[in-house]
Every structure is written in C-alpha cells, then in structure tokens.
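There are 2 protein chains.
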Amino acid sequence: MEVMEILKKYSESIDHEIEEALSTITPLNLYESSNHLIKAGGKKIRPALAVLTCEVVGGKAEYALKTAAAIELIHTFSLIHDDIMDKDDMRRGKSSVHVLWGEPMAILAGDTLFSKAFETVIRTRIDDSSYKRVIKALDTVVDSCIKICEGQACDMSFEGKFEVSEAEYMNMIYKKTAALIAAATKGGAIIGGGNPEEVAALEEYGKLIGLAFQIQDDYLDVVSDEESLGKPVGSDIVEGKMTLMVVKALEKASPEDKEKLISILKENNPDGVGEAIAIFEKYGSLQYTHKVALDNVRKAKELLDIFEDSEAKDALILLADYVLERQN
Amino acid sequence: MEVMEILKKYSESIDHEIEEALSTITPLNLYESSNHLIKAGGKKIRPALAVLTCEVVGGKAEYALKTAAAIELIHTFSLIHDDIMDKDDMRRGKSSVHVLWGEPMAILAGDTLFSKAFETVIRTRIDDSSYKRVIKALDTVVDSCIKICEGQACDMSFEGKFEVSEAEYMNMIYKKTAALIAAATKGGAIIGGGNPEEVAALEEYGKLIGLAFQIQDDYLDVVSDEESLGKPVGSDIVEGKMTLMVVKALEKASPEDKEKLISILKENNPDGVGEAIAIFEKYGSLQYTHKVALDNVRKAKELLDIFEDSEAKDALILLADYVLERQN
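Top to bottom, those sequences are chains A and B. Following the numbering used here, the numbering of the first sequence begins with 3 at its first residue and continues without gaps. Following the numbering used here, the numbering of the second sequence begins with 3 at its first residue and continues without gaps.
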C-alpha cells in the first residue's frame, strides 16, 4: 500500500466526523470561517496516525475516529491563530481566515474549532467502561494544546535572538509541531486499549516522526527546488527563521562567519541566501540536519518492533518514511 | 451571611487551584500574560456558584474546586480574546493583556487559559467511579465555550444593525454571558452527584441569573451614576450597543422616534444620551427591562424550592438577589 492510499482509506470517515462536529455552528459567518481551512484540504496525516495507532494495539478503527477528528480540528485551530500572529495571508493555497473574515472572526473561528475538538473527543462512546479511556485521551489532547501554545511563544521569543542552543530549538519544535503528532499516536493507542508499554512506544514514535517532520521542513527549504516547495528556495533564511541548520552553523562557525550569517538573517534580503547556504555547508550543518531527521525516523520505526505484524503496523512504517520522502 | 462573605469563603481554595494550574506555563512572557487578568482580581461569582451548587445537591465543596477554577479560567480566556476583538484597552482597572504584551501573545495567553481550563476539569478525582461524572462536567463546560463563541459572533453581527428582535437579543446574551454561568451551576451539580431533576433545575437557575445579570448591566448603564459605574452614564448608548432597552424601544417607538434613536446610536456622541433615555422612558423600555431582570431572578429562586434548607441554598438565594442589588 502506498502512503496516499493509507491516507485515503480513512479520510472519508474522518471528514464525516469533522463535518458532523461543525454542522451546528451558528451564525453563518462563524460557521463559514470555522469551515474554511477544513474545506481547503490538507493531507490529514495526523488523524490517520490516530486511527492506525488504535488499530496497531488491537482496537477497531472506529473507536479512534472522534479522537482523530479532534486532532485535525486542533491542528486547524492552531493554523488559524498562527496565521493571525505571524501575519501569513495564504494557507493551503487560499486566503487565510483573517484575510477573508477579519481578525476578530478569525480569533473566534479558532476558539470554536478548539471547543469543538474537545466536544468531539468527549462524545467517544465505546462501552460503559470506556470513560476512563476517554478521560485519558482527553488529557493527552489537552496536554498537546498547552504545548502548542508554549511552543509558539518560544518560537516568537527566538525572533531576532541568535543565541539559541540545539536543546532549546528541539524543545521549541517538539512543543510547536511534534507534541500534537505525539498526541495523535498516544491518543489513538489509549482509545484502542493499548497497555502502558504500547502507549509509551507509540507516543515516542509520534514525537520522533514529528521532530523529523519539522527538521525535514527546514532542510527542504534549502535543498529542494522552487517548484516542489511552492515558494523560493531559502525563504526561511530571508525571513530570518531559526532552524536546526542555523543553530548548528552558529554553534560551529568562526566569529567572522557567525557575524556574516547573523547579518544575512537580519537583513531579509534574498541576495544573502547563497552565502548563508555556503556557511551551512562549510560547517556541516546540512549534513548534520539531514542525519538528525534520518536518525529520528529510524528510531521511530524501531519502536514499532514490539507490535505483531499487521496492515496498520506496515502503514505506520510507511508514514514514518514518508516524512523524509516528501518534497514539500 | 452576606454576599462578600460567601464569595470570600471559597476564594482562597479556588485561587489555589487556579495558581496551581497555571504554575508550570513557560516561557516567562506566556506565564505572565496568562496570569495578568487572574491576578487583577474579579469577584469570582462564577466559581463560587459551581461550589455552592455542588454542595446544595449533597456533594463536598472540594469535589467542585477544579470545575470552579476551570469556569473562572474560561471566563478570563474569553475576556482576553474579547478585549482584542473589541479593542478594549482597559480591564479590571488595568491595561488589557494585548496592550501590555501585544496581540499575538494575548491570543496565545487566551488559548493557554482555555487549554488549562480543560486540563483542570480532567484532573478532578473523586473516586474510581467518577469518570462518568467528570466527562459530563467536561461536556457541560465545552458546550458553554461553543456558546460563548457563537454569542460573541452574534453580538458582532448586531453592530450597525437595528432590526434585532427580543428573541434574537435574548439568545445572544444567553450564549455570550448566561451559558457560562449555567455551566458553572450545572457543572457543580453534576460533580456533586445531583440527580437529573436537580441538575436541570440548577442549570436553569444559572441561566436565569445569567440573563438577569446582563440585563441589569444594560439597565444600570442608564439608571446608575458615574461614580458607581466607574464610567459615564449612557456609555452603551454612545457606543451604539444593542441592549434590551434599545430592542424594546425600537419595537414600540413611532417612526420618528425610531429614526431619532437609531441616529443617536450611530453617531457615537455623548450629547444624545439624554434624548435616548427620554425615548426609553416614553415607551416604557426602562420599566420593561427592569421587570424582565426581576422576573428572571424570582424564577431562579423558585427553582431552588426542590432543595432542602442548607447554608449553600441560602447562599444561592443571596447570590440571585445580588445580581440586582449590585451597583456596578
């Protein structure tokens, strides 16, 4: 089975859950603004992970559909609020929610999706003894929401600051990106009735592929091409964004190269991209970054060794590899 | 016992729960922005209602402390986001969160408090059989969050629109203000182990005093004095805000008076306040509004008849009356 087939297998049921959750929102402009990004698509890797981890521990796929839908709702909520904070006007090839409905309605649309996510998990019904499981899944989802906020605040605090250690950077991307993916895999495992060892392994699997996903994102920005990326190569450099390549280069570089790189990151000018990449190469930053992503994916797949062979296990292995194979 | 004594009785335990919930937030600026309005005070009527309704159905006060704290966290989250949307620069006598930390951090601080509210309810532990109760309390809290968003969107949609019916207005204030108060009283009753009849009565009690609270707010803006209000009399008129008095006056007024009132509401000028109030008086709007608030409080208190006499019941009666007695 290929990755796109895996994602497609569950997407209809997940879309149905999301549609049902959002169907009752009034008034019309809140309904439309809340639905805008959902309808714009997205690969829905996160919800698929929740369903697959539920299956890999022996649960039925349908047990995890509401948790899966909730994870996608939280992802969408965070995109809407992030786009306001970062003043990003485009998302999934469409205008951002705040561009179309204004910031007040975009704040509300995010808040509404956030509430709907919790409502959706709460409505999970497996049997009369499943309340404890649902509470644990909720706890997992909520914990990731707190981390998303903390990660975004960390990321904002890095702006214009160039003394960020690798550990600080990894903690930021863990909270901002990997925590929700780990909540999908942990939440799915809990709802599926996994034992503590299984739940811990799948949480760690989600965390590792989540980290690899973000690191690969940083890496592709420099090594991919404009057509695949859908934006110019080196956009992160022009925006002065902190990435693992920047962190590593600043750690290793000579005082002159360090000063040069910082001045390129500060000046928001595409002309500096080539020189920045040359500095990354000089200090092995690109190689290092690629290796960290590879190692994380390898470790993630090793964690699946405790599970018996199944279609869900194969799918989780393929999804881990996909993190590195994708070109955008 | 007086109202301030009732509120004081539980405030220390509630403050402790909130403080504990927020203690782990990092980085520092997210911690400080999330705590700013909490530390600025507030009467904490909502959390007191959660504890008292828990007690009135026979539960221990401590069962409801986490739900109570969550209700206050949600109230605070909604104030932070509302202040951004409404561009209000002051709150509880201090600068708003977005004025001090900027809009991006204020959005995040609200999102963080929202997440923390759910985390807090989830951590309620009464005994091994209480998971179902906790899920039901969570459902109640989440449902009120969705209503708060919908109510705020409705309120925003009323701006500049003067064809709002009484039913539409009441639905808006129910969602925007009363739903969270009803969640406090219903949530407390659920956590306290109330039977379905008791839970329904206390939810309705909360809804009715919540509506009375908002209607009285509208009424005081016109009949109180600047010193008690802490702002000039008729501020709502100057801001062109929809209130029950406006809805009723526009319903009853002659075409000339209707046109006059609409033009005053549109012009944002304090000079029109006297004339607007004269129109309210001419069509019995003030009297009508006061009567609706009184009726709601009376009905709310009648709903408490099903409970045996207790200190908690007396306190709930006093709090219902307090809605009308307060001067600001």
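Just so you know, these hints were derived from the structure itself, not from any lab. Think of the CB as a built atom: it goes at the ideal place given N, C-alpha and C, for glycine as much as any other residue. Among the hints, erroneous ones may be present.
Covered stretches of chain A, going by a simulated chain B footprint (3 or more residues, C-beta under 8 angstroms) [to be verified]:
#, region
1, 102-116
2, 132-142
3, 160-169
Going down the list of hints, with the structure as the test:
no. : hint    : in the structure
1   : 102-116 : holds (count 9)
2   : 132-142 : holds (count 6)
3   : 160-169 : violated (count 0)
Consistency note: the structure conflicts with earlier hint 3 alone.
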